[in-house]
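**Q** For this one, chain A is given, so just place chain B on it according to the hints.
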Amino acid sequence: MARYVMEFERPLVELEEKLAELRKLDITADSELASETEELARTIELLRVEIYEHLTPWARVQISRHPDRPRLDDYLYTLFAEVIELHGDRAFDDDEAVFTGLATLGGRRVVVLGHRKGKDTKSNVKRNFGSPHPEGYRKATRVMRLAEKFGLPVVSFLDTAGAYPGVEDEDRGQGLAIAQSLALLSGLRVPVVVVGIGEGGSGGALAIGFGDRLIMLENAYYSVITPESCASILYKDAGQAEAVAPCLRMTAEDLVELGIADELVPEPLGGAQRDPDAVFPLVRASLDRALHDLAPIDLETLVSRRYQRLRGIGHVIESSGATK
Amino acid sequence: MSITDWFKAREERRYTKPGTAPHEVSRALDDIWIKCDECKRDVSEAELVENLRVCKYCGHHYQLTAPERIMLLSDEDSFTEIDADLQSGDPLGFVAAKTYVESLDAAREKSELPEAIITGLAAVGRHPVVLGAMDFRFIGASMGSVVGEKVTRAFELATEKRLPVVLVCASGGARMQEGMLSLMQMAKTAAAVRRHDEAGLAYVAVLTNPTYGGVTASFATLGDVLIAEPGAMIGFAGPVVIEHTIRQKLPKGFQTAESLLQHGLLDEVVQRRHLPERLGRYLDYLASPADRAAEGGAA
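Line by line, the protein sequences are chains A and B.
Using our numbering, you'd call the opening residue of the first sequence number 1 and step up by one each time.
Using our numbering, you'd call the opening residue of the second sequence number 325 and step up by one each time.
Hints in this document: simulated from the structure, not taken from any laboratory.
Backbone N, C-alpha and C define an ideal beta-carbon position, used for all residues, glycine too.
Hints are not guaranteed to be accurate.
What the hints assert, rightly or not - Below, computed lysine to aspartate or glutamate pairings styled on EDC-like, alpha-carbon distance capped at 20 Å:
#, chain 1, residue 1, chain 2, residue 2
1, B, LYS422, A, GLU242
2, B, LYS576, A, ASP171
3, B, LYS422, A, ASP237
4, B, LYS573, A, ASP171
5, B, LYS434, B, GLU392
6, B, LYS576, A, GLU168
7, B, LYS573, A, GLU168
8, A, LYS149, B, GLU522
9, A, LYS236, B, GLU426
10, B, LYS422, A, GLU228
Claimed, not checked - Pair by pair, the computed Cβ-Cβ distance ranges are:
#, chain 1, residue 1, chain 2, residue 2, range
11, A, LYS18, B, ALA430, 48 to 56 Å
12, B, PRO600, A, GLU318, 26 to 34 Å
13, B, VAL419, A, LEU86, 39 to 47 Å
14, A, GLU85, B, ASP409, 46 to 54 Å
15, B, THR569, A, LYS24, 41 to 49 Å
What the hints assert, rightly or not - Just some of the chain A residues that point at chain B, by a computed CB distance under 7 Å:
#, residue
16, GLU170
17, ILE178
18, CYS247
For reference, chain A alone in the conformation it holds in the complex (with noise of 0.2 Å):
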């Protein structure tokens, strides 16, 4: 199968080819040749370090959309000891965009609520490349007042490039939807902790994707609008998208800075997808300190610092001269 190249590892990808046909060649009698490849291999290890060490927010975008990164599935699969979907709106579809379903973390019950891309072209299609219509955005809500009946904790994972923009997602109130989710989630009582691990495409990611803590793989990105969309807008060209994705601030680091997200989880260099298995136990860590840490706090509290978390977010001045 060939490999997926993203384009900033494009020059690195190229070497490491040349460097494969000349490993094939028989290089024992020709010492010329032996030495050119030990100095064309000492190359690619430089480079590869260069690219991979000071990636730059738009090359994070290409590894949080990779086809080989960790998906949802491989999360529920890994870090879970039991999994049980739960389907539908129960008013007009079951919106596979969507996961809500009730699982079991380290002997923990809770309700796990995610965003659902797929594996290959069949089940992204299923999926509309995880992209929810607003009966998603339902589903997941139905589903937190399930939650907050039975005090279970939600464990919501992000990865959407954004809610779909169609004609009939458009009639059946895709905004109303995610207004609502963002109402109740804001009040939700019981513990919501956030991971984001690949895209978090604007208000379709938010709709299920604050809470009380919130977590970000190294490569995801969480952003207002997608770098494609702004140079769209800004440039009338969407193939700007490389330059204005730093302005954004939407890497895992900006966030952390930002103070929106509350801690990083490293990924192996190059993303996820170069060794998945060394990022779920990190993830697993991260859930679970932070679902122990937020399940003795009283719900009254809890919500009331939900709440303050979200108002002390913003830049505003005062004529007083106060910023905050």
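**A** Leaving out everything else, chain B in the frame of chain A:
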């Protein structure tokens, strides 16, 4: 001052030099003609002013500024602005195409407002309320930290004083120049609306042309009653984005207030000139039972 007089005074200031004799002023307004965007007929500025910026031929509702909205909806001399001193900074040092600071300066100059929303205490149909109006001239009335903060404070004040909220919404969505700080204002405002709601207090949202994106997907659609002006375009995703995604022409009337009403997403479409009276009528019904009992009235 009636709303019509106020409009007139404002238009006069706009089109005439100070010290112009009154008869010359009215002639000046009579002499300015525009072609209606919708029906293409010629309408004089004087007629538009008289008619609250609604085309007298086809009923097309032109956008109003936030001060015009406040004048239109609040009972005479009842409005006291709150949080007027809140201004946006440039938290991300945003530079793309032009700097955010330049956009803010241009918006302040154009609108003569500090930000994209005005909020305050007012009476609407003799009901004390917290009233807010957004102004599309200010960076498309996009929601950044200040809009989010002013909406949140408006709901908090209303909760504290046990008052209903009336918000006139218009917006292009979240303000991308403030990145995630803008996006999070959606959650923050929704949280404040929820607390007001849980206190049993009324919120009437008036959706005007255009209301989109992060504002539609947060406080704008969380009202107990949702009303819209005729022809207002309302949605989450913008028409251009949708057309680009589905690669088809959009159906006629898509995302108009009338279409939303048909799809069960609004309570009513109300002509601009009926709005003040209509809002008063809704507020007559939407008092919390606790407050009604405290007043001792059975009305």
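**Q** Decide, hint by hint, whether the structure agrees.
**A** Structure-based check of each hint:
| no. | hint | result |
| --- | --- | --- |
| 1 | LYS422/B with GLU242/A | 16 Å, holds |
| 2 | LYS576/B with ASP171/A | 13 Å, holds |
| 3 | LYS422/B with ASP237/A | 15 Å, holds |
| 4 | LYS573/B with ASP171/A | 15 Å, holds |
| 5 | LYS434/B with GLU392/B | 15 Å, holds |
| 6 | LYS576/B with GLU168/A | 14 Å, holds |
| 7 | LYS573/B with GLU168/A | 13 Å, holds |
| 8 | LYS149/A with GLU522/B | 17 Å, holds |
| 9 | LYS236/A with GLU426/B | 19 Å, holds |
| 10 | LYS422/B with GLU228/A | 17 Å, holds |
| 11 | LYS18/A with ALA430/B: 48 to 56 Å | 52 Å, holds |
| 12 | PRO600/B with GLU318/A: 26 to 34 Å | 32 Å, holds |
| 13 | VAL419/B with LEU86/A: 39 to 47 Å | 46 Å, holds |
| 14 | GLU85/A with ASP409/B: 46 to 54 Å | 51 Å, holds |
| 15 | THR569/B with LYS24/A: 41 to 49 Å | 45 Å, holds |
| 16 | GLU170 | 5 Å, holds |
| 17 | ILE178 | 4 Å, holds |
| 18 | CYS247 | 5 Å, holds |
Consistency with the previously given hints is maintained throughout, with no hint failing.
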